[in-house]
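Undergrad: So you can see what is in the structure, the chains are spelled out below.
Number of protein chains: 2
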Amino acid sequence: MNGTRFSGYLRLFILLMVAMTLIEIAPDAAEAKERASHFTLKNGMEVVVIPDHRAPVVTHMVWYRVGSADETPGKSGIAHFLEHLMFKGTDKIARGAFSKIISRNGGQDNAFTSQDTTSYHQRVAKDRLELVMDMEADRMTGLKLLNEDVLTERDVILEERRSRVDNSPQSILNEELLSALYQSHPYGIPVIGWHHEMAELSRSDAFEFYKNYYAPNNAVLIVAGDVTRDEVEKLAKKYYEPIPTRPEVKRSIRSSEPPHRAARRVKLVDPRAGKPMLERLYLAPSYSTAKAGEAEAIDLLIKITSSGSTSRFYKKLVIEQRKASAVGGWYTGTAVDSGRIGFYAMALDGVSMSDVEASMEAVLDDIKSNGVTEKELERAKSGFLADYVYENDSQSSLARRYGWGLITGQKIADIEAWPDRVSKVSVADIQAAAKKFLDIKHSVTGELLLPTKAKKQAVKKQAPASKS
Amino acid sequence: MNGTRFSGYLRLFILLMVAMTLIEIAPDAAEAKERASHFTLKNGMEVVVIPDHRAPVVTHMVWYRVGSADETPGKSGIAHFLEHLMFKGTDKIARGAFSKIISRNGGQDNAFTSQDTTSYHQRVAKDRLELVMDMEADRMTGLKLLNEDVLTERDVILEERRSRVDNSPQSILNEELLSALYQSHPYGIPVIGWHHEMAELSRSDAFEFYKNYYAPNNAVLIVAGDVTRDEVEKLAKKYYEPIPTRPEVKRSIRSSEPPHRAARRVKLVDPRAGKPMLERLYLAPSYSTAKAGEAEAIDLLIKITSSGSTSRFYKKLVIEQRKASAVGGWYTGTAVDSGRIGFYAMALDGVSMSDVEASMEAVLDDIKSNGVTEKELERAKSGFLADYVYENDSQSSLARRYGWGLITGQKIADIEAWPDRVSKVSVADIQAAAKKFLDIKHSVTGELLLPTKAKKQAVKKQAPASKS
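Chains A and B, in that order, give the protein sequences. Quick note: the first sequence, position 348, residue 348 per my numbering, numbers continuous. Quick note: the second sequence, position 304, residue 304 per my numbering, numbers continuous.
Source of the hints: derived by calculation from the structure; they are not laboratory data. Keep in mind that a hint or two might mislead.
Simulated pairs of lysine-lysine, DSSO-like, Cα-Cα distance not exceeding 30 Å [claimed, not checked]: (1) A:Lys368 - B:Lys267; (2) A:Lys315 - A:Lys267; (3) B:Lys267 - A:Lys316; (4) B:Lys436 - A:Lys267; (5) B:Lys436 - A:Lys275; (6) A:Lys267 - B:Lys368; (7) B:Lys275 - A:Lys267; (8) A:Lys441 - B:Lys441; (9) B:Lys250 - A:Lys250; (10) A:Lys267 - B:Lys441; (11) A:Lys441 - B:Lys267; (12) B:Lys291 - A:Lys267; (13) A:Lys250 - B:Lys211; (14) B:Lys275 - A:Lys435; (15) B:Lys211 - A:Lys211; (16) A:Lys275 - B:Lys435.
Partial pick of chain B residues on the chain A-facing surface, computed with a CB cut under 8 Å [said to hold, decoys possible]: (17) Ser179; (18) Ile189; (19) His196; (20) Glu197; (21) Pro258; (22) Leu268.
A virtual CB, placed ideally from N, CA and C, is assigned to each residue, including glycine.
Start from the sequences and build out the full structure, keeping to the hints where you can.
TA: Structure below.
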């Protein structure tokens, strides 16, 4: 997938090489001139302003320092449920009118819940910024919920779970892998929640979560677009600053992982599985918990192993050995607590899972033993720096970068110096990261398989295909 | 292990057959005449008295309805830590004097913590019952803790973890298996705690747990021995009833398991592993959650597959196929929430884990397809009923049976009718239980292996053994 997006902007490369050079020449100057402004209101609410004057639009986001990993045991899904309920209304905004008002004003709005944050976004014309601030500030403390609305919305999230998870063997496998990877930390619990717990969530559960976590001192405001710091500060003081601080509101204390000592496996047999798939997750540090340079090295390592048609996995498993139809990998490095490395491969017909797995491991072992080449590393760096510059073109991507960074404990300077830190990673760093973090003891390996009977039926069906 | 204990009292068998017949003839009469008396004090504390006049001794136990599965996330080990700290002292009992006083009075005392209960036991001469009641009632609310005692005792539990878990690859494997089996329920967390969380437990954590869970209305008193109901009632009213009830104290609400959909595996490689071992756990109902007769059927199924030299596993894997040096199984059916079925096999040299596993599965599949014989079932029932009668001979086993039963939600009548219910299980029930509960989707399979290098070294070392 990265591969296709990649080739789409090959023409950016020359430009990028220039940009990279500039960064390498003057890192201190770059650090000194932060693109984004950052300040804190009197009630503890952080504000980030990212000027972007290419068009008269603004992106307005409020990120709360609370996600599914902060849920009370037994109440899984409540963070995401509350995200849905936040659109129900307040004394000022009629039931279900929030998104309609944004839309009538020519804007778009959205929200998402992750393990570490719940985040509300609007994109509007510049002159409507005041409107969305007023509305977002209002629902930070003024949420009103009718019991019937809560019950209806609970059906909505249950249906969301059915369609997104229960109807997708790959999503089920992912859920099972996360659950098996974590022994103690709540990252093992699905963001959407376990069905049996979601089905019991109540209006009072939602209000308790809201009261426990939604306060200005537990939120970050990000405004990107055609505005100045002063304009945003004036509006933020008008709409957000009057909301009383509540010092008792902060992220929950989460249980942490014991050392991992045993490799795990999960085997999911599902008649709806398409091609047999192998997926492996490794527990890894995140940008918030890694030692200097380690997370950047992991990011580059994953690009080298898994991204696009020049990656190690693709060249070995897809082209040379013809064992897999697709391969990939990712690093979930933006997190409050641990990160995760993931790899997957879809097996070609007649190739066993163990055969695919052996080839993937051989690729990883080779990097652990022999490292990567300078050329591979340079290609990976160029790719990341291209993505970085490309993200700058998108106002919402830019805003999200700062939101994710701040919400997971980074500073503005950290976020903006990322390209510089990436450019400093050496081939030795990559090999060290592979040796240290691709340890089978810290992993879970999943297999998604068709049932034996279904396989046979599938084969049978193929012959008289038109008869069924 | 059961096998050896078994053969030790073969001579009991004729007696048992008579006992069984009696039970089968007159179950209603047996139910009507309960052996144990049961009543509740005004403050909500339950009391069970089990007369046993063979010797002038009594067993006194207080069982709290709280165990490690009730711990706050991040505070694993606190239930067990508090159990240790309960011996530190009160205003009336000097630091560390509790056990010494019991001992000076010719008694023995002990305590244990499990997932569902924390339990304190003393065995004393009949005339010392009043003394231990006074002392146990005193520490239900009067615990005093010096910070230095807490820190010293924390070192003790950390050392206990090192010696019992971290020094034993089999214990580590068990910990890993439980952790992988449960996706949401706290039974996946070790009773002793995760090391990194234990190391942070404080005096205030212990006191918070004590205040939250130790109260007369959350406790069961069991007295077995040379006493009457009236004697116990009089003493209980004197010592326990004055302790104020606290209705807010009750067992925590625990998260429950989502449906299990994917088989799991755990591979632990440890140079200290002896023989390679295979172990499998299945999530199963407990006596508290099973439908009528199902838990009894599981108990008998496990006896038939795994207990002694006439068991299916032993005959197939040890005698006939010579693949394993030892096999076994168990059912953890006494629990507030789910139960667990477990099997293990130690592989003989040169036999692969997958070979051992295939043989174990063949044994289970055979029972699922063809059931067990009437003769096997009768032998299993006789074994259980022999154990039951044998337990009656031990005052502490008898007391524990009632303690476990009440603490996990059974009534006196349920506990005493167990032999009757076991005797009613049919071969069809056994086959149905095997089909329903030995489902690979609800299981985790563990392998304990030597590292490949260590294996080679072990072989090398054998030759010049005297030189090292």
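Undergrad: All hints, please: hold or fail.
TA: Structure-based check of each hint:
Under the criterion of a C-alpha separation no larger than 30 Å, the hint pairing A:Lys368 with B:Lys267 is consistent with the structure, at around 21 Å. The suggested pairing of A:Lys315 with A:Lys267 holds, with an alpha-carbon distance near 27 Å, which does not exceed 30 Å. Proposed proximity of B:Lys267 and A:Lys316 is supported: the alpha carbons are some 27 Å apart, at most 30 Å. At most 30 Å may separate the alpha-carbon atoms for a hinted pair to count; B:Lys436 and A:Lys267 meet this at roughly 19 Å.
For the given pair, B:Lys436 sits about 29 Å from A:Lys275 by alpha-carbon distance, which is consistent with the 30 Å threshold. For a cut-off of 30 Å, the pair hint linking A:Lys267 to B:Lys368 stands: about 21 Å separates their Cα positions. This hinted pair checks out: B:Lys275 and A:Lys267 have alpha carbons roughly 26 Å apart, not beyond 30 Å. Pair hint A:Lys441 plus B:Lys441 holds up; C-alpha atoms about 23 Å apart against a cutoff of 30 Å.
Straight-line distance between C-alpha atoms of B:Lys250 and A:Lys250 comes to about 28 Å, which keeps the hinted pair within the 30 Å bound. A hinted pair counts as satisfied when its Cα atoms are at most 30 Å apart, and A:Lys267 with B:Lys441 qualifies at roughly 8 Å. For a cut-off of 30 Å, the pair hint linking A:Lys441 to B:Lys267 stands: about 8 Å separates their Cα positions. For the hint pairing B:Lys291 with A:Lys267, the CA-to-CA distance comes to about 29 Å; that is within 30 Å, so the pair holds.
Taken as a hint, the A:Lys250 and B:Lys211 pair is honoured in the structure, with Cα atoms around 25 Å apart against an allowance of 30 Å. Restraint check for B:Lys275 and A:Lys435: satisfied, since their Cα atoms lie roughly 29 Å apart, inside the 30 Å limit. For the hint pairing B:Lys211 with A:Lys211, the CA-to-CA distance comes to about 26 Å; that is within 30 Å, so the pair holds. Straight-line distance between C-alpha atoms of A:Lys275 and B:Lys435 comes to about 29 Å, which keeps the hinted pair within the 30 Å bound.
Evaluation of the B:Ser179 hint against chain A yields a held restraint, the C-beta minimum of about 4 Å falling below 8 Å. The beta carbon of B:Ile189 is positioned within 8 Å of a beta carbon in chain A (closest approach about 7 Å), and the interface hint is therefore held. Evaluation of the B:His196 hint against chain A yields a held restraint, the C-beta minimum of about 6 Å falling below 8 Å. Interface hint at B:Glu197: satisfied, since its Cβ lies 7 Å from the closest Cβ of chain A, which is below the 8 Å cut-off.
Given hint, B:Pro258 at the interface with chain A, holds; its Cβ is 4 Å from that chain's nearest Cβ, closer than 8 Å. At about 4 Å, the closest approach between the beta carbon of B:Leu268 and any beta carbon in chain A falls short of 8 Å, and the interface hint on this residue holds.
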